[in-house]
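Engineer: Letter by letter, the chains look like this.
There are 2 protein chains.
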Amino acid sequence: MQLSPDWVVGFTDGEGCFFVGIQRHPEMTAGYQVLPEFTIVQHERDIQILYALKRFFRCGVVRQNHGDRYAYRVRKLSCLRKVIEFFEKHPLKTKKNVDFRKFRRVVMLMEQGKHLDKGGLLEIVEIAKDMNTANRPALEKVVEFLKAG
Amino acid sequence: MQLSPDWVVGFTDGEGCFFVGIQRHPEMTAGYQVLPEFTIVQHERDIQILYALKRFFRCGVVRQNHGDRYAYRVRKLSCLRKVIEFFEKHPLKTKKNVDFRKFRRVVMLMEQGKHLDKGGLLEIVEIAKDMNTANRPALEKVVEFLKAG
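From first to last, the protein sequence lines stand for chains A and B. For reference, each letter of the first sequence is one residue, going 4 to 152 in the numbering used here. For reference, each letter of the second sequence is one residue, going 4 to 152 in the numbering used here.
Possibly wrong hints are sitting among the right ones.
As the list claims (entries may be wrong) - In silico lysine-lysine, DSBU-like type, Cα no more than 35 Å apart, as pairs:
hint, chain 1, residue 1, chain 2, residue 2
1, A, Lys92, B, Lys117
2, B, Lys132, B, Lys98
3, B, Lys57, A, Lys132
4, A, Lys57, B, Lys92
5, B, Lys117, A, Lys57
6, B, Lys57, B, Lys117
7, A, Lys85, B, Lys92
8, A, Lys57, B, Lys85
9, A, Lys98, B, Lys57
Unchecked claim - Partner residues are not named here, just some residues of chain B that face chain A (Cβ under 8 Å, in silico):
hint, residue
10, Asp9
11, Glu47
12, Arg48
13, Thr97
14, Lys98
Worth flagging that the hints you see were computed from the coordinates, not collected in a lab. Virtual Cβ for every residue (Gly too), placed ideally from N, Cα, C.
Kindly produce the complete structure, drawing on both the sequences and the hints.
Structural biologist: Put into structure tokens, the structure is as follows:
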């Protein structure tokens, strides 16, 4: 199956998710790990679409998500860079583009190593908190923890 | 906002719904009304996408759905014909295409007036029952009713 750039943009406007996970990780200097990911989840009947996306971006993995759901997932920074460059060239048309820009900012800060110190991490958490996909109460606690520490 | 055909296909693969409603309607000869509809539902933040779809197909309406959700909806047979011709020319890539073909079959039968007699209606209900979007238990009851009558 061949996917066109416009189809990929339309499908991502519908089904794509730009998410920034922030996980407790005591071994890291700032105490937290930043895990940005781009995912598209489908019922297993459409698993071939997920593999087509993997071929399209030449990056990412297809994994079982929950039950009969599968996910195409990109986590590696070098792969996220490719995904970001694609959506810079072919912008999303829905308000998901707002989340995309915040996501891109987080990835850029990580590429600069800013997530490794507390100041940069705080900046990232504030951006993540402001995303549509955010778990705000959990991120509020991270902010409190970082400001208290 | 300008939409391209491929974007519309990708977005519909993600968010579109081909649905065949069958409603009790005692005034109709066969006792039921067939209501095929093509819908795309979005959060109100993306209402401009729904209006762009309406302009793209030159058909359909944008209406509030539930709460903060809005729907682009096509119900008129002449408009569904336009939508069908578009997706014949630009096929969906997900398994939603299977539902689309069943939906198209129902619309064709209606264009031929087959929904107005019991035999045609039964055929339509059997197709609708087999769709991914179907409320199977309700449609089973319609079949029982038609076969008993």
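Engineer: If a hint holds in the structure, say so; if it does not, say that too.
Structural biologist: Evaluated hints:
About 49 Å separates the Cα atoms of Lys92 of chain A and Lys117 of chain B, which puts this hinted pair outside 35 Å; it is violated. Taking the CA atoms of Lys132 of chain B and Lys98 of chain B, the gap is about 16 Å. The hint holds against a cut of 35 Å. Taken as a hint, the Lys57 of chain B and Lys132 of chain A pair is honoured in the structure, with Cα atoms around 34 Å apart against an allowance of 35 Å. Using a Cα cut-off of 35 Å, the hinted pair Lys57 of chain A and Lys92 of chain B holds, with the two alpha carbons roughly 26 Å apart.
With a C-alpha separation of about 44 Å, the suggested pairing of Lys117 of chain B with Lys57 of chain A is violated against the 35 Å cut-off. Between the alpha carbons of Lys57 of chain B and Lys117 of chain B the distance comes to roughly 29 Å, so the proposed pair stays at or under 35 Å and holds. In summary, the hint linking Lys85 of chain A to Lys92 of chain B is supported, as the alpha carbons are separated by about 31 Å, within the 35 Å threshold. Distance check on the hinted pair: Lys57 of chain A and Lys85 of chain B sit about 33 Å apart at the alpha-carbon level, within 35 Å; holds.
About 18 Å separates the Cα atoms of Lys98 of chain A and Lys57 of chain B, which keeps this hinted pair within 35 Å; it holds. Look at Asp9 of chain B: its Cβ gets to within about 3 Å of chain A, closer than 8 Å, so that hint holds up. Because the smallest distance between the Cβ of Glu47 of chain B and any Cβ of chain A comes to about 10 Å, over 8 Å, the interface hint for this residue is violated. A distance limit of 8 Å between C-beta atoms decides the matter here; for Arg48 of chain B the minimum to chain A is near 5 Å, and the interface restraint holds.
A least Cβ separation of about 5 Å between Thr97 of chain B and chain A falls short of the 8 Å threshold, and the interface hint therefore holds. Nearest Cβ of chain A to the Cβ of Lys98 of chain B: about 5 Å, under the 8 Å cut. The hint holds.
This entry does not satisfy hints 1, 5, 11, going by the numbered hints stated previously.
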